[in-house]
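**Q** The listed protein sequences correspond, in order, to chains A and B. Residue numbers for the first sequence follow our numbering, so the first one is 21 and each next one is one higher. Residue numbers for the second sequence follow our numbering, so the first one is 44 and each next one is one higher.
Among the hints, erroneous ones may be present.
Straight-line alpha carbon distances no greater than 20 angstroms define the calculated EDC-like cross-link-like pairs of lysine to aspartate or glutamate that follow [what the hints assert, rightly or not]:
{"hint": "1", "chain 1": "B", "residue 1": "Lys-161", "chain 2": "B", "residue 2": "Glu-86"}
{"hint": "2", "chain 1": "B", "residue 1": "Lys-59", "chain 2": "A", "residue 2": "Asp-99"}
{"hint": "3", "chain 1": "B", "residue 1": "Lys-122", "chain 2": "B", "residue 2": "Glu-134"}
{"hint": "4", "chain 1": "B", "residue 1": "Lys-59", "chain 2": "A", "residue 2": "Asp-106"}
{"hint": "5", "chain 1": "B", "residue 1": "Lys-161", "chain 2": "B", "residue 2": "Glu-83"}
{"hint": "6", "chain 1": "B", "residue 1": "Lys-59", "chain 2": "A", "residue 2": "Asp-104"}
None of these hints come from the bench; they were simulated from the model. Remember, predicted model here, so these are calculated numbers, not experimental data.
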Amino acid sequence: MNVQNLIIDLISQSAANVFSTMLGAELGPPEASIEQGVPEVNDGIVSFIGLAGAWAGTGSVVCSPTVACRICSLMLMTDTTSVDADVLDAVAELTNMIVGSVKNDLEPHLGTLGLSIPTVVFGKNFRTKSAGATDWIVVRFPWEGDVLVVKLFLAPAERVPHAVSHMMGQTCPLEV
Amino acid sequence: MESDVLVVDDSAAIRKILQRVLRQTGMAIRTIHEAGDGQEALEVMKSQSVSLVLTDINMPKMDGIQLLGALKSSPQWHKIPVVMITTEGGETKVGEAVRLGAAGYVRKPFTADQIKEKLAGILEPALPL
């Protein structure tokens, strides 16, 4: 099995496991694809977490505000209807657990990987870009009439520049 | 004897979940304190009675491994059991935690039963009403 197929399988298993364990919910069947080129415009919530080691990259969870509120409601056993700090925190932790599990299962194949602290962005009409990330593995899960998307870019470290730019109307290169 | 537990995680969501899970374990727990990182945890410990620490590993400012090291090297706190609750499953960090004297670890995502099982040998059950 190549690394791409392995990552697709691990994302599918990890997301399903996190949803069933922490939310008591079942995701729909995953649909995997590879995304290339210009990053698409986002409306809603995007959460990122960095991976570093012999291989490096970024894991991401993308969802609508409605899905994020539902995740928060199930995780914290509350009735959440608007995006607030708890919602962003719940999505960040979900990202940490999904990408963290994938990281743990990849380590026997790719060597030790470090995991950063997640960052969550909520807004309208924004684009994101990770420097060096060309081929994103994208797994879409239908859930409660909406969709949850998990993305991962991972490549041997020498191919990933040590800079990440976040485009929100402008480019802002940051040292990592 | 009732225990005072300190939950350390940079995620408020996880702290809330652990509060709920701890209250459901049936263990004799008096107080649950919270901290968002290792530094904050040490500040809480200076002013509060703590008999068990549950801590995440990956946190800003001071991570769970550094917190564990600080507690185990302290004459005042070295006997307090520390359980790591973390996404990390690799030998590097979990192995380091065990070497430093962690009482155990639970991997995220976790179930209430996993937390209860891990704490069974550490906390006393609540007395029946």
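**Q** Does the structure keep Lys-59/B and Asp-104/A at a Cα separation of 20 angstroms or less?
**A** Holds, at about 15 angstroms.
**Q** Checking one constraint from the list: CA of Lys-59/B to CA of Asp-106/A, max 20 angstroms. Satisfied?
**A** holds, 10 angstroms
**Q** Run the distance test for Lys-122/B versus Glu-134/B: straight-line Cα separation, threshold 20 angstroms.
**A** Measuring from Cα to Cα gives roughly 24 angstroms; hence the hint is violated.
**Q** Does Glu-83/B sit within 20 angstroms of Lys-161/B, going by the straight-line distance between their CA atoms?
**A** violated, 24 angstroms
**Q** Holds or violated: Lys-59/B with Asp-99/A, Cα cutoff 20 angstroms?
**A** Holds: Lys-59/B and Asp-99/A sit about 14 angstroms apart, inside 20 angstroms.
**Q** Between Lys-161/B and Glu-86/B, does the CA-CA distance stay at or below 20 angstroms?
**A** Distance ~26 angstroms between Lys-161/B and Glu-86/B Cα, so the pair is violated.
The earlier numbered hints that this structure contradicts are 1, 3, 5.
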